[in-house]
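Place chain B on chain H using the hints.
Number of protein chains: 2
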Amino acid sequence: MEFSSKLLENAVYEMSQLPGIGKRTALRLVLHLLKQPEAQTRLLSEALTNLRDEVNFCKSCNNISDTELCEICANPKRDKTLVCVVEDIRDVMAIENTSQYHGLYHVLGGKISPMEGIGPHDLNIVPLVNKVKEGSIKELIFALSSTMEGDTTNFYIFKQLEGLDVVTSTIARGISVGDELEYADEVTLGRSILNRVPFENSIKAD
Amino acid sequence: MEFSSKLLENAVYEMSQLPGIGKRTALRLVLHLLKQPEAQTRLLSEALTNLRDEVNFCKSCNNISDTELCEICANPKRDKTLVCVVEDIRDVMAIENTSQYHGLYHVLGGKISPMEGIGPHDLNIVPLVNKVKEGSIKELIFALSSTMEGDTTNFYIFKQLEGLDVVTSTIARGISVGDELEYADEVTLGRSILNRVPFENSIKAD
Numbered sequence: 000m001e002f003s004s005k006l007l008e009n010a011v012y013e014m015s016q017l018p019g020i021g022k023r024t025a026l027r028l029v030l031h032l033l034k035q036p037e038a039q040t041r042l043l044s045e046a047l048t049n050l051r052d053e054v055n056f057c058k059s060c061n062n063i064s065d066t067e068l069c070e071i072c073a074n075p076k077r078d079k080t081l082v083c084v085v086e087d088i089r090d091v092m093a094i095e096n097t098s099q100y101h102g103l104y105h106v107l108g109g110k111i112s113p114m115e116g117i118g119p120h121d122l123n124i125v126p127l128v129n130k131v132k133e134g135s136i137k138e139l140i141f142a143l144s145s146t147m148e149g150d151t152t153n154f155y156i157f158k159q160l161e162g163l164d165v166v167t168s169t170i171a172r173g174i175s176v177g178d179e180l181e182y183a184d185e186v187t188l189g190r191s192i193l194n195r196v197p198f199e200n201s202i203k204a205d
Numbered sequence: 000m001e002f003s004s005k006l007l008e009n010a011v012y013e014m015s016q017l018p019g020i021g022k023r024t025a026l027r028l029v030l031h032l033l034k035q036p037e038a039q040t041r042l043l044s045e046a047l048t049n050l051r052d053e054v055n056f057c058k059s060c061n062n063i064s065d066t067e068l069c070e071i072c073a074n075p076k077r078d079k080t081l082v083c084v085v086e087d088i089r090d091v092m093a094i095e096n097t098s099q100y101h102g103l104y105h106v107l108g109g110k111i112s113p114m115e116g117i118g119p120h121d122l123n124i125v126p127l128v129n130k131v132k133e134g135s136i137k138e139l140i141f142a143l144s145s146t147m148e149g150d151t152t153n154f155y156i157f158k159q160l161e162g163l164d165v166v167t168s169t170i171a172r173g174i175s176v177g178d179e180l181e182y183a184d185e186v187t188l189g190r191s192i193l194n195r196v197p198f199e200n201s202i203k204a205d
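The listed protein sequences derive, respectively, from chains H and B. Read in order, the letters of the first sequence correspond to residues 0 to 205 in numbering that gives the first Met the number 0. Read in order, the letters of the second sequence correspond to residues 0 to 205 in numbering that gives the first Met the number 0.
What the hints contain is simulated information worked out from the structure, not anything from laboratory work. It is possible that some hints are incorrect.
Which copy? The list can't say, so a pair holds if one copy fits it or any two copies do.
Below, simulated PhoX-like cross-link-like pairs (lysine-lysine); rule was C-alpha separation at most 25 angstroms, straight line [to be verified]:
id : residue 1 : residue 2
1  : K22       : K34
2  : K76       : K5
3  : K130      : K79
4  : K5        : K58
5  : K137      : K22
6  : K5        : K132
7  : K79       : K58
8  : K58       : K34
In isolation and in its complexed conformation, chain H is listed as follows (with noise of 0.2 angstroms):
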């Protein structure tokens, strides 16, 4: 692409470093801001480098917060005895939707992933396995998405745990509800089935 300006060519640059974002894409959306109130631009710019600059990482779990200690970790209410580990704040927000966990999480902050040079020393796991020495953890629920990555992060933090008194869990994977199993993948299904659940369970949960 050729660009008539090079502060357009610089801004779209810059844009277009961003993760699924091509050059193309970058050059609409900054074109859409030319159009803007110069106010926009100012407000997106701000809230970029404010967050970047002043963004903070709870103590405890790791996840984003605004305070030393997140809302979730300083809830008396929570139950500190079970810990949810979790890639990253998405995943924290996915299952605080669901209403359905009253544990803590740890935020690892991402997977193992030698391909990416992603190595067990640049997540948050050494912590981690700090709280469970601890011995105020009794449960942790492995939550991590079911990829190579996932399954290897599991396994490399199942390793350091040998040993000390904890019981680990894994989120069950199963069909989806409403899904029909027909459409199912084999994996998936034939975890659903190996993995089954008493039926009280099941009218439980809804």
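Structure of chain B alone, referenced to chain H:
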């Protein structure tokens, strides 16, 4: 969406004001920035505010340009008697890419669209008519998209030019090079037959 941080919520909100960016995508983009070095966020927001604050439009064609007169208008090799009327800079870039056009452009900045509240006076039409009145332009090529808004805008400008000594044309609509006739829509195919060109011309164009 319930956010654990006001800073995060604010950044996601501002990002989701961009066209085609929903809350989920905005969150993904913002979390990506958080994982990158701080410099990337600063570069992005500076590029956007710099462009918004310092953007300049060519005083002749209204294209985005860092100089008072854009490179195309300032180029002595371009044919100044030929002006192509386009909607925005993307159209200029697309036509420049073909290397088939050696005239100037006139960027309207949009199309007449009552639905979006854009009237003729929100567009850069008066300067175009004035340029034509000065008498140095021999031909205006309308290259707006062939939508209702594009046709309305073409027609509005055409009416403004009544009585002035200028040839007007529109870019040819027809079957794309390489396309199969059977898949073409009827309007396009119909126009491509009505506006057929001498066979020799089609050889010259390649």
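Here is what the structure says about each hint:
1. K22 / K34: For K22 and K34, both the intra-copy (18 angstroms) and inter-copy (22 angstroms) Cα distances are at most 25 angstroms.
2. K76 / K5: between (55 angstroms within a copy, 22 angstroms between copies)
3. K130 / K79: Within one copy only: 11 angstroms inside, 74 angstroms across.
4. K5 / K58: Between. Shortest inter-copy distance 17 angstroms satisfies the 25 angstroms Cα cut-off; intra-copy 43 angstroms does not.
5. K137 / K22: neither (50 angstroms within a copy, 35 angstroms between copies)
6. K5 / K132: Neither: 56 angstroms inside a chain and 33 angstroms across chains, both beyond 25 angstroms.
7. K79 / K58: within (15 angstroms within a copy, 66 angstroms between copies)
8. K58 / K34: Between copies only: 18 angstroms across chains, 42 angstroms inside a chain, cut-off 25 angstroms.
The earlier numbered hints that this structure contradicts are 5, 6.
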